[in-house]
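Those protein sequence lines, which keep their order, are chains A and B.
So our numbering is basically just the index in the first sequence, starting at one, shifted up by 2.
So our numbering is basically just the index in the second sequence, starting at one, shifted up by 176.
What the hints contain is simulated information worked out from the structure, not anything from laboratory work.
It should be emphasised that the depicted structure is a prediction, and the values quoted were computed from it without experimental measurement.
Glycine is no exception: its CB is placed at the ideal position from the N, C-alpha and C atoms.
Where hints are given, some of them may not hold.
Think about it this way: if two alpha-carbon atoms lie no more than 30 angstroms apart in a straight line, the pair counts; the simulated BS3-like pairs of lysine-lysine are [stated by the list, open to error]:
| hint | chain 1 | residue 1 | chain 2 | residue 2 |
| --- | --- | --- | --- | --- |
| 1 | A | K214 | B | K233 |
| 2 | A | K214 | A | K12 |
| 3 | B | K233 | B | K253 |
| 4 | A | K331 | B | K244 |
| 5 | A | K340 | A | K12 |
| 6 | A | K331 | A | K214 |
| 7 | B | K253 | A | K214 |
| 8 | A | K12 | B | K324 |
| 9 | B | K244 | B | K233 |
| 10 | B | K249 | A | K331 |
| 11 | B | K233 | B | K249 |
| 12 | A | K12 | A | K331 |
| 13 | A | K339 | B | K324 |
| 14 | A | K214 | B | K393 |
Residues of chain B clear of chain A, computed beta-carbon distances all greater than 12 angstroms [what the hints assert, rightly or not]:
| hint | residue |
| --- | --- |
| 15 | I182 |
| 16 | R200 |
| 17 | G230 |
| 18 | L240 |
| 19 | S271 |
| 20 | N277 |
| 21 | F283 |
| 22 | A287 |
| 23 | T331 |
| 24 | P347 |
| 25 | A417 |
| 26 | R422 |
The chain contents come next:
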Amino acid sequence: MTTGTHQRRKERIDRGIKVRTEGIYALMSWRELVYLIMPRFVIIVGLLVAPLMIPDMYWQRVISIVCIYALLALSFDFLAHQVGLVSLGGAFFVGVGGYLSAVLNSVFGFAALLSIAVATLIGGIVCTLLLLPCLPLRGVYFAIVTLMYPLFMARAIEALDILGGTDGIMGIDSLPSAWMEQYFIIGMLLLFLFGMRRLVNTDLGLVLRAVKDNDQAVRASGMNITSYKALAVFIASAIGCFAGASLVHIYMWAGISTFALDFSVLPIAATVIGGSGTLVGPVIGCLILVPVSELLRDFGTLRIVFYSLILLAFVVFRSEGLMVYGQRKYHQIERWKKI
Amino acid sequence: MKEGPILQIQEITKTFGGIIALNRVSFEVGEGEILGIIGPNGSGKTTTVNCITGFVKPSSGRILFRGKNITGKPPHKIADMGLTRTFQIMRPYFSLPAYKNLVIPLFSPRARRTGGWRGGGRRGDRNTVGIDILEEIGFERDSYVPFKVTSTLPTGYLKRLELARCLALKPELIICDEVFSGLSMSEIASMVPLIERLQMSGITLIMIEHRLRELFKVADRVLVLNFGEKLVEGSAAEVMADPRVREAYFGSEKVEEVMRHA
Chain A
3 MTTGTHQRRK
13 ERIDRGIKVR
23 TEGIYALMSW
33 RELVYLIMPR
43 FVIIVGLLVA
53 PLMIPDMYWQ
63 RVISIVCIYA
73 LLALSFDFLA
83 HQVGLVSLGG
93 AFFVGVGGYL
103 SAVLNSVFGF
113 AALLSIAVAT
123 LIGGIVCTLL
133 LLPCLPLRGV
143 YFAIVTLMYP
153 LFMARAIEAL
163 DILGGTDGIM
173 GIDSLPSAWM
183 EQYFIIGMLL
193 LFLFGMRRLV
203 NTDLGLVLRA
213 VKDNDQAVRA
223 SGMNITSYKA
233 LAVFIASAIG
243 CFAGASLVHI
253 YMWAGISTFA
263 LDFSVLPIAA
273 TVIGGSGTLV
283 GPVIGCLILV
293 PVSELLRDFG
303 TLRIVFYSLI
313 LLAFVVFRSE
323 GLMVYGQRKY
333 HQIERWKKI
Chain B
177 MKEGPILQIQ
187 EITKTFGGII
197 ALNRVSFEVG
207 EGEILGIIGP
217 NGSGKTTTVN
227 CITGFVKPSS
237 GRILFRGKNI
247 TGKPPHKIAD
257 MGLTRTFQIM
267 RPYFSLPAYK
277 NLVIPLFSPR
287 ARRTGGWRGG
297 GRRGDRNTVG
307 IDILEEIGFE
317 RDSYVPFKVT
327 STLPTGYLKR
337 LELARCLALK
347 PELIICDEVF
357 SGLSMSEIAS
367 MVPLIERLQM
377 SGITLIMIEH
387 RLRELFKVAD
397 RVLVLNFGEK
407 LVEGSAAEVM
417 ADPRVREAYF
427 GSEKVEEVMR
437 HA
């Protein structure tokens, strides 16, 4: 058409800034920069501002719990979708980290932050060593063993009356101040989240993904897949142990309930809702599921029914997960362009 | 060509339950040569590869690589010594862009020790070295092909990618499990000089093939397997002339036709 009026057509914003391959961008304007940064900005600022927006003590605590679950979901997503190990061991990691930190704090007198740090490291090592025997196996064995350990630990503590038995370990120090407690966990969640996103894009992360995609080819390339799996399990279980250790210091109590299967199951549900393999998705999933679970508390036992319905709806209608869906829609945002 | 064997297979036997897949097979591979292994379906070719590269443990017998016993060692240790393989059913990392496939072998201990193909891994980052290897192996550098997601590549490129993965390790011996099969005539025609170039650069090759005409062009020696046993070993012409091979493999009329073309 050669009318004098200017012509316009629609163009996808991301078209211009993506270069050849995913993850490399060429930015030409402030608007494109904003387009690129906005989603990350929303997550970071949203998490940081949330406690200020909600003055209620109870809901501030819920935010901390969200972060705990988000860490577990992150660890699950990493193992399941980046390394190919389906872990039902959230409860195991939480329990090991929790009890370790509790013992370090109440028996050896470590300061709260120090005992969390040490419990994270040692817990990661302990969990990795205990899971090592099933790493060379393919298939469901890893899932079964990770499911078995927390059950075993809870019953062992109960029956042998060790580590405080059914009463648990009481009198654990909380973190120095309420604000610090709140922001320590939020900060660590953001750190682990973005650190993990970095990790999966490094060459090491690529090798881990290759172990999931095609372990035979990795072996044929002269790499011992068991040791890479062990490294991944260490990273994931250390994150889980960190979550458990933090939880114990929030509640100032470590008991058998830290081995409760909620810690295994809810992160998986959150991953399904948020979008598996995206790392951010599971965190978003927890941001939805945990508060919903709190809101449904009024319904008593019906809570689980509602909860299951929500999950069912997601699996049936949005099985790709919120994050994958949102990402696709975001990439499809268009602008008018003069031609 | 005759500098002493790089690989010695001594009487290996492999049984799966009651089935004897390999029965006391012995052969040697000389430094720098191309050995072709042929045989009808089910004759034990791939099992031989699996035994040599450690993916399957032989029931008995010994395998020596450069004089060292590698029988029953895990695959990653064998690959680490420079004995690599391609897979008959290609095993690339389908979800990654083609060049990223090479980042993985370049990350391996061997590649980091040797610098990988032509030592480039020590200098540059693994992405660029990966693209270098792909160019060497026949991917067009200044096109989108090396950047395409692997699952969208045609078979010819996937076969090359299998070879590239071996090259990234700076191998001394590559076992090619049917790199020609499934390729068009023109794709094979471009593959043959590549194989010859690899031999020139000092790499020893064992080629398992069904495409005999092309194999006989490049192979220095050919070994025929049948029902898990070694039938004949010798030059292409000798193997072709052998009546036992005709019987076991080609069928007596077919061989005339193949001979005419070869």
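Hints, one by one, checked against the model:
{"no.": "1", "hint": "K214(A) - K233(B)", "result": "holds (24 angstroms)"}
{"no.": "2", "hint": "K214(A) - K12(A)", "result": "violated (39 angstroms)"}
{"no.": "3", "hint": "K233(B) - K253(B)", "result": "holds (14 angstroms)"}
{"no.": "4", "hint": "K331(A) - K244(B)", "result": "violated (58 angstroms)"}
{"no.": "5", "hint": "K340(A) - K12(A)", "result": "holds (9 angstroms)"}
{"no.": "6", "hint": "K331(A) - K214(A)", "result": "holds (28 angstroms)"}
{"no.": "7", "hint": "K253(B) - K214(A)", "result": "holds (20 angstroms)"}
{"no.": "8", "hint": "K12(A) - K324(B)", "result": "holds (26 angstroms)"}
{"no.": "9", "hint": "K244(B) - K233(B)", "result": "holds (16 angstroms)"}
{"no.": "10", "hint": "K249(B) - K331(A)", "result": "violated (50 angstroms)"}
{"no.": "11", "hint": "K233(B) - K249(B)", "result": "holds (8 angstroms)"}
{"no.": "12", "hint": "K12(A) - K331(A)", "result": "holds (15 angstroms)"}
{"no.": "13", "hint": "K339(A) - K324(B)", "result": "holds (28 angstroms)"}
{"no.": "14", "hint": "K214(A) - K393(B)", "result": "violated (39 angstroms)"}
{"no.": "15", "hint": "I182", "result": "holds (17 angstroms)"}
{"no.": "16", "hint": "R200", "result": "holds (26 angstroms)"}
{"no.": "17", "hint": "G230", "result": "violated (8 angstroms)"}
{"no.": "18", "hint": "L240", "result": "holds (19 angstroms)"}
{"no.": "19", "hint": "S271", "result": "violated (6 angstroms)"}
{"no.": "20", "hint": "N277", "result": "violated (8 angstroms)"}
{"no.": "21", "hint": "F283", "result": "violated (5 angstroms)"}
{"no.": "22", "hint": "A287", "result": "violated (8 angstroms)"}
{"no.": "23", "hint": "T331", "result": "holds (17 angstroms)"}
{"no.": "24", "hint": "P347", "result": "violated (10 angstroms)"}
{"no.": "25", "hint": "A417", "result": "holds (36 angstroms)"}
{"no.": "26", "hint": "R422", "result": "holds (35 angstroms)"}
Consistency with the previously given hints fails for numbers 2, 4, 10, 14, 17, 19, 20, 21, 22, 24, ordered from lowest to highest.
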